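So the sequences go chain by chain: A and B. Residues are numbered in the numbering used here as their position in the first sequence, beginning at 1, plus a constant of 144. Residues are numbered in the numbering used here as their position in the second sequence, beginning at 1, plus a constant of 144.
The set of hints was computed from the structure by calculation and includes no laboratory data. Hints should not be assumed to be uniformly reliable.
Copies of the same chain look alike in the list, so a pair counts if it works inside one copy or between any two.
[Stated by the list, open to error] Restricting the straight-line Cα-Cα distance to at most 25 Å, the calculated cross-link-like pairs of lysine-lysine (DSS-like) are: (1) K381 with K365; (2) K365 with K310; (3) K310 with K381; (4) K242 with K381; (5) K242 with K310; (6) K365 with K242.
All of these numbers come straight from a predicted model, not from anything done at the bench.
2 protein chains.
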Amino acid sequence: MTYCVAIKVNDGLVFAGDTRTAAGVDDVRTYNKLHVLEVPGERVFVILSAGNLATTQYVLAHARREMNDPNVAVSLRTVRHMFDAADYLGQLSVRAQKQATESNMNVNVETTLILGGQITGEDPAIYMIYPLGNCISASPETPFLQIGEIKYGKPILDRFVRSQVKLEDAARCALVSLDSTMRSNISVGPPVDVAILPRDALAISHSLRLDFDTPYYASLKDAWGRQLENAVRNLPKFDWEVQQSLPLSAQPVPVSTMGQQQRQQDGSSQQQGWQGDSWSPDSDPDNGFR
Amino acid sequence: MTYCVAIKVNDGLVFAGDTRTAAGVDDVRTYNKLHVLEVPGERVFVILSAGNLATTQYVLAHARREMNDPNVAVSLRTVRHMFDAADYLGQLSVRAQKQATESNMNVNVETTLILGGQITGEDPAIYMIYPLGNCISASPETPFLQIGEIKYGKPILDRFVRSQVKLEDAARCALVSLDSTMRSNISVGPPVDVAILPRDALAISHSLRLDFDTPYYASLKDAWGRQLENAVRNLPKFDWEVQQSLPLSAQPVPVSTMGQQQRQQDGSSQQQGWQGDSWSPDSDPDNGFR
Chain A
145 MTYCVAIKVN DGLVFAGDTR TAAGVDDVRT YNKLHVLEVP GERVFVILSA
195 GNLATTQYVL AHARREMNDP NVAVSLRTVR HMFDAADYLG QLSVRAQKQA
245 TESNMNVNVE TTLILGGQIT GEDPAIYMIY PLGNCISASP ETPFLQIGEI
295 KYGKPILDRF VRSQVKLEDA ARCALVSLDS TMRSNISVGP PVDVAILPRD
345 ALAISHSLRL DFDTPYYASL KDAWGRQLEN AVRNLPKFDW EVQQSLPLSA
395 QPVPVSTMGQ QQRQQDGSSQ QQGWQGDSWS PDSDPDNGFR
Chain B
145 MTYCVAIKVN DGLVFAGDTR TAAGVDDVRT YNKLHVLEVP GERVFVILSA
195 GNLATTQYVL AHARREMNDP NVAVSLRTVR HMFDAADYLG QLSVRAQKQA
245 TESNMNVNVE TTLILGGQIT GEDPAIYMIY PLGNCISASP ETPFLQIGEI
295 KYGKPILDRF VRSQVKLEDA ARCALVSLDS TMRSNISVGP PVDVAILPRD
345 ALAISHSLRL DFDTPYYASL KDAWGRQLEN AVRNLPKFDW EVQQSLPLSA
395 QPVPVSTMGQ QQRQQDGSSQ QQGWQGDSWS PDSDPDNGFR
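Take the sequences, apply the hints, and build the full model.
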């Protein structure tokens, strides 16, 4: 498995990915999944990959080779638009998959890519390239794209990432998102790579490789854990807690905060809300409902 | 889909679940997934359900009916141990599935249950009951169980829930976990139900049904969003940010925090870390790696 994320904010792009590559739990290796291809000062591309490693390596090898070959008409050096770059990589991916499955159609050699970067004269952009070769870009409402094991790390991105967020804050948010994922899925693992591409810089300004024992990563993990714990502890108290902490004479007149349920101030059972359960032995079972 | 969670801490148990029930996106209903069955002062059971609604309703209908029938030898009224209660519900679930698939084995009528509660003389316990009828309990290292769409809401539970956490803090953490899930998966939806069962109370002390516009839930959501945003903004700065904010004369002697990568203080490209990419056109493709 893999987890990679790309974020597009007003100030530029952030890329992050893990490095764990596995063919089963008994065959685990470390591979870079964040690749930079560039024509300095003119165009920069960052490719993140999730899926079959052979397909990914085919795409990268051909993209790099053709970029350096002046006789190739269409390459990452010649495309005019980011969309065309995504389309080009998509076609390479389709070709790699087709070639690999010629003798056996039942092997899954799919790969999903994220392409991000900037070509002079265009805005920075990020695209997700599907195994079919087609692609989608991020949008102002959805300023990030994820590939691989995306669920564990999505809530913090959903809550924090907006177009106006600072590049470095977006990078820290990506690191937290990766950290949450590594904690829950061991097929996503360290070290993690981060790259920052500021708008119009046409060069990666900062790239980091962070392991659990890298001092910055360790301090980030530690700070995040402490702050999250404090955040839960500082959430609004339930009203029975507020009342318990006041002297009897100071207890406020009850205000309903409990929705449809009745409030009880003495802490005793109030499960009557469930007596009217929606199930009943006589009701018609709805087989499809889950 | 569904998302339910049960948490076991030293002080007792917390249960929470959503209420959205769907057979496709065009047929959405609201069903209670948190059910309380009790013999007041002697034993309390809470059942959370995820999966086929007909199977769930079969289990609940039979469990309730047999609990109230003095002629039934084995029921939630008669079992001596929480494990036996879980085993009993597991057998009901298996029977329901068998009956439903007699004429058509290809329909999936599986359901996964969480059973929590306490029987006088025993510790409180929570069990996950699989569609096969077998079960596992929570442990001190893993003090919570989840069913349904579990990934989005897991990181906050992983980071916060420990046995020594206060019951109310655990309940707030469950609410945040549910909120993150509802944000990312529309098949998990409000209102949400929460029930708190303090150790040795042998009765639910508080039960809440909270919708997005319930004042407590609205304030919790709002507080969580703000605190999480602050938490990201307060994470340790990258060293180039620290240096930028100091006058030149006060800049510290660099300390390596960047792991294997070289640090650069001028903000210029440092992507040489990726020049030694692990891919190469000549390398042997490892088909199985992803």
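We went through each hint and held it up to the structure:
1. K381 with K365: Close across copies (13 Å), not inside one copy (27 Å); limit 25 Å.
2. K365 with K310: both (20 Å within a copy, 24 Å between copies)
3. K310 with K381: between (32 Å within a copy, 12 Å between copies)
4. K242 with K381: Neither way: K242 and K381 sit 58 Å apart in one copy and 46 Å across, limit 25 Å.
5. K242 with K310: Classified as neither: same-chain Cα gap 41 Å, cross-chain 56 Å, threshold 25 Å.
6. K365 with K242: So K365 and K242 fail the 25 Å test inside a copy (42 Å) and across (48 Å) alike.
Comparing the model with each numbered hint stated earlier shows that hints 4, 5, 6 do not hold.
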